[in-house]
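*Asks:* Please arrange chain B on chain A, whose structure you already have, making use of the hints.
Number of protein chains: 2
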Amino acid sequence: MGRVSVTDQQALVDFRTEPARYRHWHLVVDGPVATLTMDVDEAGGLAPGYELKLNSYDLGVDIELYDAVQRLRFEHPEVTAVVLTSGKDKVFCAGANIRMLAGAPHPWKVNFCKFTNETRNGIEDATENSGQTWLAAVNGTASGGGYELALACEHIMLIDDRSSAVSLPELPLLGVLPGTGGLTRLTDKRHVRRDIADYVATRPEGVGGSKAVAWRLVDEAVPRARWAETVATRAAELAARSARPAGLRGVELTPLPKNRTGTDIGYRHVTARLDRPAGVAEIAVSGPDSDAPADVAALYEQGTGYWSLAVARELDDLILDLRTNELELGTWVLRTRGDPHRVLAHDGLLLAHRDDWLAAEIIGYWKRTLKRLDVTSRSLIALVEPGSCFAGSMLELALAADRSYMLDGVLEESDQRQAGPAVITVGELNLGPLPGGNGLTRLQTRFWGDEAGLAAVEKRAGEPLEAQDADQLGLVTFAPDDIDWAEEVRIAIEERASFSPDALTGMEASYRFAGPETMETKIFGRLTAWQNWIFYRPNASGPDGALRRYGSGRRAEFDRKRV
Amino acid sequence: MGRVSVTDQQALVDFRTEPARYRHWHLVVDGPVATLTMDVDEAGGLAPGYELKLNSYDLGVDIELYDAVQRLRFEHPEVTAVVLTSGKDKVFCAGANIRMLAGAPHPWKVNFCKFTNETRNGIEDATENSGQTWLAAVNGTASGGGYELALACEHIMLIDDRSSAVSLPELPLLGVLPGTGGLTRLTDKRHVRRDIADYVATRPEGVGGSKAVAWRLVDEAVPRARWAETVATRAAELAARSARPAGLRGVELTPLPKNRTGTDIGYRHVTARLDRPAGVAEIAVSGPDSDAPADVAALYEQGTGYWSLAVARELDDLILDLRTNELELGTWVLRTRGDPHRVLAHDGLLLAHRDDWLAAEIIGYWKRTLKRLDVTSRSLIALVEPGSCFAGSMLELALAADRSYMLDGVLEESDQRQAGPAVITVGELNLGPLPGGNGLTRLQTRFWGDEAGLAAVEKRAGEPLEAQDADQLGLVTFAPDDIDWAEEVRIAIEERASFSPDALTGMEASYRFAGPETMETKIFGRLTAWQNWIFYRPNASGPDGALRRYGSGRRAEFDRKRV
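Chains as they are written, first to last, in the numbering used here: chain A, 399 to 961; chain B, 399 to 961.
Wrong hints could be hidden among the right ones.
No copy is singled out in the list; a pair is fine if it fits within one copy or between any two copies.
Claimed, not checked - Result set (BS3-like, lysine-lysine): computed pairs, CA atoms no more than 27 Å apart in a straight line:
1. K857 to K765
2. K609 to K488
3. K587 to K609
Hints listed in this document are in silico derivations from the structure and should not be mistaken for laboratory results.
Pulled out of the complex, with its shape left as it was, chain A reads as follows (with noise of 0.2 Å):
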């Protein structure tokens, strides 16, 4: 985590990092149960003007903490239990830096509070797919966002100390909602009656004790004298829930390499060109050089170089580079190039495979980077040509994007006229391993009241299809064909950079997420929504607001219009 420099740009947020150079985390491995322990390093902001005091914690923190869970999923299969708990006396967390928030401009904090949500997202994830149960340690007061990390935990503790106490603070005291799930994980995942929640979160204060557990906002409350003994017992009790093998042997994470220039982003198997004059990001994924080998046995020996790993770390790293420092790149192009054979092959060892913990961690990062992928606010375009290998995991690129345009036949003037007319195959994992937010795959969500066209779809899985078969059977948005081609590309584009980014951004919300909702889809479309909206205006952000004027001693005005 940190910064890097390169010469035409100002600093940009380097999101890869290791547990040697973290700053605000301990990390400590003991059989099944590992602890996380937050001890957040005041000077260590990623920016100038705050100081990360009480555990608060800014992007730099939180790139630390997705680092620890990624870490632990993949180089510490055998742990089964996390506990998460705090290095300073007597506060846990006290979330997001005000500071650091009221000085930010608009887009960075609805940056930071989507990418912080997906962490939390992440450890509901490992707690339910990847046998390794969260277990918060609150063993001091939890405020907002600090209490917010401890409900993505399966379980909280909280110490019973008459001093020590869980609050969602943020709006009385700041104007603005909890960012990180707070008000829907009460009632919709703690069950917390919805006027008891409305109470809490108008309560600055918080509540403590047996109070807490009566409002089911945490799951116990235990006496000091009791707390180290009783933490243990209970991480014993959820690592034992794990149905895991014991003796795994994890995969490491080796450092990710890429090059980054003003204009060119690199990795091995994925590249962006930024057209900053066009607004453009054109992105490019290769698939795998080489055959997919015959054993599983092999995936372990080549770790992060198993094509599918490392296309998932390029992936995710280029997401959020991209989304963090390249802000005015709204329309991101989206290629494939490759051999669609070689895609499924490799996909097909790790369906083979689902129950090796490997094989379904890779399957589980995958999914996560595509939901990162859904929930980014830029318009998505996939372009389907000769040469590409839109299949199985690479197809859901294309089922991701707001639209696919797909070359019907080859152009004449090109040399990609040698490999033959595109085509798009429909692989398993295609139909079920990579669900998004709102539970359903992405051929669901496209097929959603249309049991016909799915099943039609369902029914040519394997099958290589060229450009009339899937837009006959819905599979693209357009095919148009060498004559109209690059018009009818370069119109889309261009278009797309000509319209509001922020009716684009709403609207690619909506549509993103057709058909039914869950909390998470609740968290990143309802509660972002409001969210962006109360932090714009000026009760909380301007120079009387709320946010801006905590701290100060003064209270903020508001303009009392309800709307």
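*Replies:* For chain B alone, kept in the frame of chain A given last:
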């Protein structure tokens, strides 16, 4: 519809109207088929500064539409199909008036969208629950809100004349989202594929003819030569679907008596005291002042005089009045007074005759009025005091509130002593017939995830519950006694007024819709929130924004940063 003036207030919007005063609509009833023709008077805008060209609408136009929907339900039960069409040549409806929107302050925009959404949901509700199926006979171009109006109908016919089209031009032309559920209805109701929906919402010229049918944007495209005949045929077919018996006679919605001053609003059963310094509206609802009649015939005799119908009308009007005209009254305190037995008896007559159309309509009106309360951006605090009648339909007011306070015992120094301690009574109306927008009863939402808690409450249905019982069962938030009551209530109300109004709006919108989501909650919760944000941003509403520059011949200038 129109504006009434009171001495110490600016012009106020009045939501009461009747067909004889319509300026923009014609309602013709011909046996089982009603035809509602939109023919907007260009000069009939609610405010100066814009002309309602091309059947565009403002709040005044929509107030008449709402009145027509209501009158069709109550005054014309013999109608089983409603044809919604235009009286203009080649234009169905151009949607919300852009100049009105561009010039309106932010709260007005948001309130306007909310009311139009409610009316469109009411049209869908009439199709689903009142046996009145709405048919959009789109006899010209339907743009933006005009197409969204058609989307609220069960069946959409589009004239196929090579110029008429349906479109959602808000994003490309105005830099905002369609404001009345268009995005959600495309994917979730009409099952338009999301990439096609994306394309449609970026194409200002829209889609007509067979392509509109193929993309499911309309149900049929009909040539002009066969238009009138086909509309009539389709209307007759839809009318015949209704299970309602023939020969029903309606109940007249007589003019609603109302006294309004700058400090008080008074109806027959409902009053509101407007406490501007405190930012509070003190609302009181009186129970029936006589016993319920013994049979359903009396319901017809009493008509709008029947207590349940009268109170629904008064509450409906009051909610709209306060929401639109009193933006700075941020907290509504809800009280009732009267005999709970009489409330339950009036509810009971309706419930015993739910197969009677009028009884069903009155229950349905309560349902929609309570939903209107649910989406109202004001803090709702219910006070349950001696002499109150929070039972059945009246109890829903407390269950809709963000918090409720119930006095445990009586106030020693009060006239209320004689009434004995307050009770609340769960009635049959609380257990199913009045679901909120999320499809759950307010009790189900309250006990979301707590089946045992809900079952315990259901077991006590019909029993008058004093404060300690009500508190233990989780039916009220707090139950202070004589000593604490005044102080606790005062603090709750004063505190509310001290918080950020924006953050309260966001929090309340989250908590009121715990649990599952529906198309309705998505429209109010998610789309509204995005639209609030987009409307507020300079990219739409700033001097160089798309909404303000529309029609000026100058393109909008955007801050291109994606958020």
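*Asks:* Compare the structure with each hint and give your call.
*Replies:* Quick rundown of the hints versus the structure:
In the homo-oligomer, the alpha carbons of K857 and K765 lie at most 27 Å apart inside one protomer (23 Å), although the nearest pairing across protomers, at 44 Å, exceeds that limit. Taking identical chains as interchangeable, the C-alpha atoms of K609 and K488 lie at most 27 Å apart only when both belong to the same chain, with a minimum of 19 Å there against 65 Å between chains. In this homomeric assembly, K587 and K609 come within 27 Å of each other (Cα to Cα) only inside a single copy, at 18 Å, whereas the closest approach across copies is 44 Å.
Checked against the numbered hints above, the structure violates none of them.
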